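**Student:** What follows is each chain in one-letter form.
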Amino acid sequence: MTSETETVASFDIHYRQYLGPGGEAAGGLPDFAGDHDVLRGLYRSMVLTRTFDKRAIALQRTGQLGTYASSLGQEATYAGIGHAMLPEDILVPSYREHGTCFIRGVPMSDILLYWGGDERGMAFEEAPHDFPVSVPIATHVLHAAGAAYALQYRGEPRAVAAVSGDGSTSKGDFYEALNVAGVWNLPCVFVVVNNQWAISVPRSKQSRAGTLAQKAIAAGIDGEQVDGNDVIVVKDRMEAALKKAREGGGPTVIEALTYRWHDHTTADDATRYRSAEELEAEQKKDPVERLRRYLTAAGGWDDEREQELAQRCKAEVDAEVDRYLNTEARAPETMFDHLYETLPSIYGDQREELKAKGKRDE
Amino acid sequence: MTSETETVASFDIHYRQYLGPGGEAAGGLPDFAGDHDVLRGLYRSMVLTRTFDKRAIALQRTGQLGTYASSLGQEATYAGIGHAMLPEDILVPSYREHGTCFIRGVPMSDILLYWGGDERGMAFEEAPHDFPVSVPIATHVLHAAGAAYALQYRGEPRAVAAVSGDGSTSKGDFYEALNVAGVWNLPCVFVVVNNQWAISVPRSKQSRAGTLAQKAIAAGIDGEQVDGNDVIVVKDRMEAALKKAREGGGPTVIEALTYRWHDHTTADDATRYRSAEELEAEQKKDPVERLRRYLTAAGGWDDEREQELAQRCKAEVDAEVDRYLNTEARAPETMFDHLYETLPSIYGDQREELKAKGKRDE
Amino acid sequence: MIEAVNTALAHELGADESVVLLGEDIGVNGGVFRATVGLQERFGEHRVLDTPLAETMIAGLSVGMAAQGLRPVAEIQFMGFIYPTVDQIISHASRMRNRTHGRLTCAMVLRAPFGGGIRAPEHHSESTEAMFAHMPGLRVVIPSSPARAYGLLLAAIRDPDPVVFLEPKRIYRMQKQEIEDNGEALPLDVCFTLRNGADITLVSWGASMHETLQAADKLQEDADISCEVIDVATIKPLDMSTILESVERTGRCVIVHEAARTCGVGAEIAAQLAEKGLLTLFAPVRRVTGYDTIMPLLRLEKHYLPGVDQIYRTVKETMEFA
Amino acid sequence: MIEAVNTALAHELGADESVVLLGEDIGVNGGVFRATVGLQERFGEHRVLDTPLAETMIAGLSVGMAAQGLRPVAEIQFMGFIYPTVDQIISHASRMRNRTHGRLTCAMVLRAPFGGGIRAPEHHSESTEAMFAHMPGLRVVIPSSPARAYGLLLAAIRDPDPVVFLEPKRIYRMQKQEIEDNGEALPLDVCFTLRNGADITLVSWGASMHETLQAADKLQEDADISCEVIDVATIKPLDMSTILESVERTGRCVIVHEAARTCGVGAEIAAQLAEKGLLTLFAPVRRVTGYDTIMPLLRLEKHYLPGVDQIYRTVKETMEFA
Ligand SMILES: Cc1ncc(C[n+]2csc(CCOP(=O)(O)OP(=O)(O)O)c2C)c(N)n1
Ligand SMILES: Cc1ncc(C[n+]2csc(CCOP(=O)(O)OP(=O)(O)O)c2C)c(N)n1
Ligand SMILES: [Mg+2]
Ligand SMILES: [Mg+2]
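Protein chains in written order, with the numbering used here: chain A, 1 to 362; chain B, 1001 to 1362; chain C, 2001 to 2322; chain D, 3001 to 3322.
FYI, nobody ran anything at the bench for these hints, they're computed from the structure.
Just to be clear, a hint being listed does not mean it is correct.
Claimed, not checked - One side of the interface only, derived from the structure: several residues of chain A facing chain C at Cβ under 7 Å:
| # | residue |
| --- | --- |
| 1 | Gln60 |
| 2 | Gly146 |
| 3 | Val180 |
| 4 | Ala310 |
| 5 | Cys313 |
| 6 | Glu341 |
Every value quoted in this text rests on a predicted model; they were computed, and no experiment measured them.
A virtual CB, placed ideally from N, CA and C, is assigned to each residue, including glycine.
Based on the provided sequences and hints, a complete structural model is requested.
**Tutor:** Written out as structure tokens, the structure reads:
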């Protein structure tokens, strides 16, 4: 390098973790971790989500649910996000965030309805501003930026949380959203759930970038990595980023490192492309067990509580599954009812035809 | 920050310049700069491009050319790229790179034909593998990555140079191209010609990123900044990046800092959105004058040479303009001749109709 | 017509706090066609937003804004650059209401100048309205006069569902018709009958409307053929009743559009005429359209566009059919 | 049919060094429908490429590869994710030859499974072939049997121009027809007459072909109506001569497709029949299609798809028309 070379920009990417795989505290814990009720709340959310996922998979296997994407192994990330958000914040999920949705108040039966093939599953009133499931990868990240602009425009101290996967970071939509969030200083947190796989494509084949957090540098915004299997660090950093956003501090990218335990969806077979050894090694980092160990050691949890929780989760899931299974299908012609606010008259014939068809099929 | 924080990645962006605005050497020059013939070649290219641009604008103003995008003020960047490339390399331009195209062997009359509204202008045989003008911003950057894969696939020691503007870096296509070039280690150099404006949108409104070179970090590839008005540093860094690419070293992003002197195109009026002061200040960094001063001081240039060059450029441009103006328009029905390799029979009627129409219009 | 667009945008910005404009070069520069000139100055940078250069982003932002209560009116600089928005428009804008069973909606307008004939560079002459006309849940509106530009744009902005609003740039500066800024919207979902006639029905929209009207005049004068002229205006949903009612009377129909023929909107109109009006047709329904090839660069573009002569001749042939 | 696709891809990979496959999950995983199973193992990672997750990129890379002499065959995992490729397809793939006056070309294939009826999630049931059928310079090919999948895919890969190749996933595993890997391509740009008949012409493509054939059987048996059945196969360019010739004989026509009705490819066929075949038509040309609404989630999807009954009834009505 010759003398005319000048360094015009420098960047660092940090990684954070509070609880190690064994549940041991890796350093000073954040204040909220001193409140065992808070930790128990996080733990309950994770256990409920895991219970739900297992049941949903079983429902699909028995033909009672459509294709389903479970969050097994990623419970800490989704619980941490949910417990960090305020009710007035806005969640913009992809399709694996039901663990967060439950914390937002969305009934489990609605999630089942949606994956069971009924649009009413996304009509939930408990989180009225939250976005629905978004299947086309990364497209929703732009919605998050737009929603964040609406909040900023109205001067509301609220923030938006966009959640997408490692694969989503390869798509232009993701980048364009970060870029505009940066230049407009939007109140938006972009959580990249890096579960190491995009169906069969490993993280290493998505990008040569050593971290996904550094995607933020291209947009001139903050980016950091956290242990996505440590619910305490996820909640802590998420709370900090949301607070910063609400206070006008702008956007943040948080890469949560975790692992997808199950097949991509029930339509996938992960044994085709990844080894049992890899899975086994990753499962040793179990986020649920990790918090239970810490909480137990800290005297905030015991077997009795564990059993009681297991029963309650099962009961809740049972009830929601019943509610789902007992929901009658809509009449065929209703597929026109939310096409426009008022259905243009020219489509009346088609709606009538469907009605007749439905009658005949009965 | 608590003890569990770990720095997992660090990056620096460098800026380079050899010649200062006054033509003074800012540091040790690269070897090729010792050869005055090389510098004179660079100088001639810049002067020819400037002569061409002024004439093209005049042609448009007098209704003899369509909308035209000049490269006034950016001559060093385009000349540096052209003189760094080998004939077998592939140029993937946007729409302002004619200065580079001329060095590649493309006749000026072809560039005029294209902007004059005739597809034959992109049929040039002198640079058979180079891509045509690409108007939709950033879309061509993906073509560069694809072309680079073709070279890598065939094991050819050739490289691709993609050229796009500061505005193009906001588009997902640009990012997706960098990302795949990184993960596939493609022989491709991405030159971002940062002329500070995207029509009326200033660089500061495109991205909060402090440099555009740092967009490379999101793809895990090398990125650097150069003084785009210093033809020596552009050629030097471009040669290094192309060499690296040909030798399997992978892609590079080079941000060239320059300034658009003229309106965005002849259809634009820059006085609506930027100040005369800004323009004046930027014009003091004139890339053409800069090299002339250096070369003159070094004893490699003088007024006689200057006059002779001016005359030669004028003569060349005159001849090419005549060739352009004397090119008859194609027959209307030829608009079907390159739609497919062989025109499907069902379009025969439409072609015949056009033929008849053309006859009637005569 | 461009003034009418500007007036309508200004009216809605003034009338509704939730209306925001976004696009490339629409702020200080007032848009490359000056559709938004003066609006940022008047309503502020938070109401009239210059975006980074990314159309997918412009559409995606609009969907997110609309779902949270704003009424974004986005400008795509030319229809040739609208394709990156297709995914957001078909996958989200047109489906958000249905996906959430009415919980979240998408009251957004995507404006774009379209069509050829202004000697512009490559990609600046597209007319691919048919692509959007095929998307359920969308409205596609195309004005062909200053008055309709004003009234239909007001309607589009006030509409609770997504609207693609295509402005025929060839006639941006054609008529200098004075329009009164009375805030009165025109109805969407209906055709406008511009001229009553007895012998044949001419159906068109956008810039071609003008060649169609000129041909109608010429036919009246030179050949004593009385043409009923219909401006479809709202391409989707398509008001066939007005067209069918007219063709039932005239028994003849010629459709004119600038877009490539195959799978253009003219095909849908002709198909429905054949389906519902077969018995009342005295002659085949003919289409005068752009060709099924790439819109050529400016030297040949006028040969690509449907001309008055072509329309005139096709109508004559249709009248002589027996 | 999926095996036929795999066999054709393997054949061309083996026969032509310049053929490369790219897409998401097509390598080790062999594609989510197993279309490319075993191919990466057999031909190597440089021939069968797992890409990062970005469809615009997949299309853009393909254009660049094709312009430099490769023959990329790209897979879009589901047609619901094809929209980010629209810009590259309409702006570049279909125009590169014309733009460079024949200097650079774009021999690429964009494969995508399409259509509904497999109880898949949202966005996994699209049939928007009409959007591509409107784009000049493109070919759009849709097989409806293993044999045609094999022969037409070979033809598509060997074609010197860009081809969008849509595979009706509902019938991927329907017929287990053994196909001989003889390397013989079928012709593009022509319709296939699957059954000769005298009373009426049924025109369809893709998965609907099967309901159409079933309806034809039922009509023959129950109502003694003899149907000529045509598989359009190449949607663009559209071989109307075969369809016109048939309708001239039968005088009646019903078109069946799964896509939403408005501005679907059926409209173009009906329009041309009305234009060129008006005098030979005994009855209006009817279309049995998907509805002009969002394809519903799986609980209602079967109501959206054109069924055998609907086709049957429409044909009866068309026969009874007078
Ligand atoms: C635009 C688009 N392309 C392809 C798909 C098919 N698909 C569904 S999920 C998926 C992988 C996503 O991986 P990632 O972003 O890491 O999220 P994860 O599933 O791991 O949570 C793909 C390719 C899609 N849904 N959308
Ligand atoms: C996708 C797309 N959107 C919009 C345009 C209209 N347009 C042409 S050039 C331009 C600005 C480009 O700026 P930059 O990338 O900095 O290149 P420069 O013109 O400064 O060389 C715009 C918005 C376009 N050509 N393509
Ligand atoms: Mg993943
Ligand atoms: Mg620029």
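**Student:** It remains to establish, for every hint, whether it holds in the given structure.
**Tutor:** Hint check:
1. Gln60: violated (21 Å)
2. Gly146: holds (2 Å)
3. Val180: holds (6 Å)
4. Ala310: This hint is violated: alanine 310 of chain A lies away from chain C, its Cβ roughly 33 Å from the closest one there, beyond 7 Å.
5. Cys313: Result: violated, 27 Å to nearest chain C Cβ.
6. Glu341: This hint holds: glutamate 341 of chain A lies near chain C, its Cβ roughly 4 Å from the closest one there, short of 7 Å.
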